[in-house]
Amino acid sequence: MSLAEAVAAAVHDGDTVAMEGFTHLIPHAAGHEVIRQRRRDLTLVRMTPDVIYDQLIGAGCASKLVFSWAGNPGVGSLHRFRDAVENSWPVPLEIEEHSHAGMANRYLAGASGLPFAILRGYRGTGLPARTSGVAEIVCPFTGETLTAVSALRPDVTVIHAQRADQQGNVQFWGITGVQKEAVLAASRAVVTVEEIVDVLDPRPGAVVLPWWTVSYVALAPGGAHPSYALDYSARDNDFYLAWDAVSRDRASFAAWLDEQVYRRGDGAGDGTPLVPATSAATGEAR
Amino acid sequence: MSYTSDEMMTVTAARALRNGMTCFVGIGLPSEAANLARTTHAPDLVLIYESGTIGAKPDVLPLSIGDGILAQTADSVVSVPEIFNYWLQPGRIDVGFLGAAQLDKFGNINTTVIGTDYASPVVRLPGAGGAPEIAAACKEVIVVIRQSRRTFVERVDFVTSVGFGDGPGSRQRLGLTGAGPRRVITDLGVLAPDPVTSELVLTGIYQGVRVADVEAKTGWELRVSADLAEIPPPSDAELRALRRLLATMPASKTAQAGKTAQASKTIAVSTIASAAQSASSTEGAAR
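Chains as they are written, first to last, in numbering that gives the first Met the number 0: chain E, 0 to 285; chain X, 0 to 286.
It cannot be assumed that every hint is accurate.
Derived contacts from chain E toward chain X, CB cut-off under 7 Å, selection only [as the list claims (entries may be wrong)]: (1) S67; (2) G73; (3) E85; (4) P89; (5) E96; (6) S111; (7) G176; (8) V177.
These are computed hints drawn from the structure, not numbers from a lab.
Heads up, the beta-carbon is just placed ideally off N, CA and C, and yes, glycines get one too.
In isolation and in its complexed conformation, chain E is listed as follows:
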């Protein structure tokens, strides 16, 4: 199954979609495919909406964003995100914001099959007043007032990993972020990978998602570009710097989108050839 087929099968208009990767292994190629397929009215979830969500928001794919930090990491503001929030361009964007600790725990609750998670957080901040997903809760044992955050249960989670095997078992390492929780919290999961190998070598600190937790695996070498994939590719810092100028202006953004996303095929948006995906796709049922 190709990335285009995987996205077509897994991501529908109106879905709640989480694309995770904490400044590492960001699923850019999959995000571009969502843009090319002109998905609309998505609720996009991501702890750190950065360049890829700036692109999705600017392309008009999203009606709501659930997040904890929206910026161009190491560079500055996200101009398409700000244009959507400040000027409703190209469409109004509802936002629901949290802290990183809150978002991480919301995924954790989703992965655990619980309705909420508990943390010491948010208290005294302006955040609880802006979301229905945060409430005070009293510890039944100590009487301490703590914070409950509602579970995140995305319709689909999309991640990029270093490797999968022929069966569709997925392996990723380095900064592993919140991807495991995001996949296990979701109804469906799409994983793009740098390579497909016969057998996964055990690696210290690697996360392995068994094939039966993943709905679709698609080969997308360089699919994290301009973020990086440890041991495969480095961060393209020039791209992040250049994005500041490209995204500042609606016209230059539209031109970029046309040239780099709409006119390119599956996987090609990142300078990589159109590649077939593994046959390991297991369908939606998990």
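Based on the hints, put chain X in the right spot on chain E.
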């Protein structure tokens, strides 16, 4: 050696870190200062980034909190839920290093919106990131921020991270376990909370800066400590180490370092941060 106000700020922030401390670090000014400390007087400073890298020992400045150099040099790399739940939340970390777009006299931090209408902000900033819980749970917090009337305000437009809330007793009432912002380091000097009122008071000032300069860039009626200290300028060794670190940054950052190297003789009091600069300086806050 001549130096800039930003260099003075970063060196002062680095001096605030002691060897052997555990430090939760944001990208930007906090990361520069923490890495400067580690390469100078605090080789055993434990750097913890919210990407889950514990004990990172980068020999170049990381470009982002997810930089591969952090994972490759760390003692341990853990997941994001783990870094917040197991490491930050229980109060294991000595100092949290935060930036801010706005700061008020009680040390509360705003990195969310400029403007009081949340739904229709004047400037949409990046948001909270890890800062609210870093501000709550680290044993103490150091804030690094360029000072201006736009950044130093009577009341923040939005409380993203709590300093001393409404004043004395707020942190206890809210159940915040850490001591809060013990030091605010700016490009003009250093502020610390008054032990009774919790209000930030000017306690240190850089060479060549006058109290009137600081007052002019503070959006509340600034109180000045009776023991106002003049903070020694950066040593040549500190400046060399800082410039060596900054020179490891590519592109625009290198350009800044280049400018830095030919810096003016006097401390250039930096221009009032534009909204965009505030937004980008928030990077550190959120990270």
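Now the hints, each set against the structure:
1. With its C-beta approaching chain X no nearer than about 6 Å, E:S67 sits inside the 7 Å limit, and its interface hint holds.
2. Evaluation of the E:G73 hint against chain X yields a held restraint, the C-beta minimum of about 4 Å falling below 7 Å.
3. For E:E85, the shortest C-beta to C-beta distance to chain X is roughly 6 Å, which falls under 7 Å, so the interface hint holds.
4. Nearest Cβ of chain X to the Cβ of E:P89: about 16 Å, over the 7 Å cut. The hint is violated.
5. A distance limit of 7 Å between C-beta atoms decides the matter here; for E:E96 the minimum to chain X is near 5 Å, and the interface restraint holds.
6. Interface hint at E:S111: violated, since its Cβ lies 11 Å from the closest Cβ of chain X, which is beyond the 7 Å cut-off.
7. The beta carbon of E:G176 comes within 5 Å of a beta carbon in chain X, closer than 7 Å, and the hint placing it at the interface holds.
8. Satisfaction of the interface hint for E:V177 is found here, the shortest Cβ-Cβ separation to chain X being roughly 4 Å, below the 7 Å cut-off.
Of the hints listed earlier, those the structure fails to meet are numbers 4, 6, in rising order.
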